Every structure is written in structure tokens, then in C-alpha cells.
Amino acid sequence: MPNFIIKISGGSWFNGKIAQLVINKPKNIYLSPFKIIKREVVNEIVKYEGLFPYVDGLILRITSSINQIPINTIREKPVVEITTYTDHSKFGLM
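Numbers given in this note's numbering equal positions in the sequence shown, counted from 1, plus 40.
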């Protein structure tokens, strides 16, 4: 498969463009996996009986009142594990 097909067929940019065309996603909205959804919308989503639910599509079908808020993420330092076991002594634990 040519490289340009691989580059455009994967990633959030491509998925966002397809969502704009297929489910009328607004251009300024990023379809994040993290969502805050009102109970009324959730009640409608759970009524879907199809085999493969596309939650973003269901949300946009149910309501046009969607928004995006910026979130600042905090990156924590990785935890370093200190142990007194050597590789040889770990085998004795098994």
C-alpha cells in the first residue's frame, strides 16, 4: 500500500474529516474519548439497539448542543521502583 494512503487513512485528522462529512461534526470540535454527557443524552444513547454503536455519532444525532473545554494535564514524574532482589534471587521467589 502506498505511504500516502497509510498516512491519510489513519489518525485523528482523517477521522475528523470523515466525521464532518458523515455525521455533520462541527469543524471546531475534537472527538475526544473523554466526555461529560447530560443524563438525558445518556438515556437516549442506551436505547440504541445496533451491534456497533458509534457514541460520537449518537451524541450528534441526539443533540446539537455540544462544546469543547480545554483541560490542562499534569504529567507526573515516573515512579522508580527500588528493590533489594537480584535477578538470581527473584527466581527463588517463583
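Some clues are possibly wrong.
In silico lysine-lysine, DSBU-like type, Cα no more than 35 angstroms apart, as pairs [what the hints assert, rightly or not]: (1) K78 <-> K57; (2) K67 <-> K57; (3) K87 <-> K67; (4) K117 <-> K75; (5) K87 <-> K117; (6) K78 <-> K67; (7) K57 <-> K75.
Ranges of calculated distance between the beta carbons of each label pair, as one might list FRET restraints [unchecked claim]: (8) R115 <-> I69: 23 to 33 angstroms; (9) Q60 <-> G90: 15 to 25 angstroms; (10) K78 <-> P110: 30 to 40 angstroms; (11) E116 <-> L61: 30 to 40 angstroms; (12) E89 <-> K117: 44 to 54 angstroms; (13) K117 <-> I76: 22 to 32 angstroms; (14) I58 <-> K117: 37 to 47 angstroms; (15) K117 <-> G97: 33 to 43 angstroms; (16) Y88 <-> K117: 38 to 48 angstroms.
Honestly, the hints are just simulated from the structure, not real lab data.
Values in this document were obtained by computation on a predicted structure and should not be read as measured data.
Even glycine gets a Cβ: it sits at the ideal position worked out from N, Cα and C.
Hint numbers contradicted by this structure: 5 and 10
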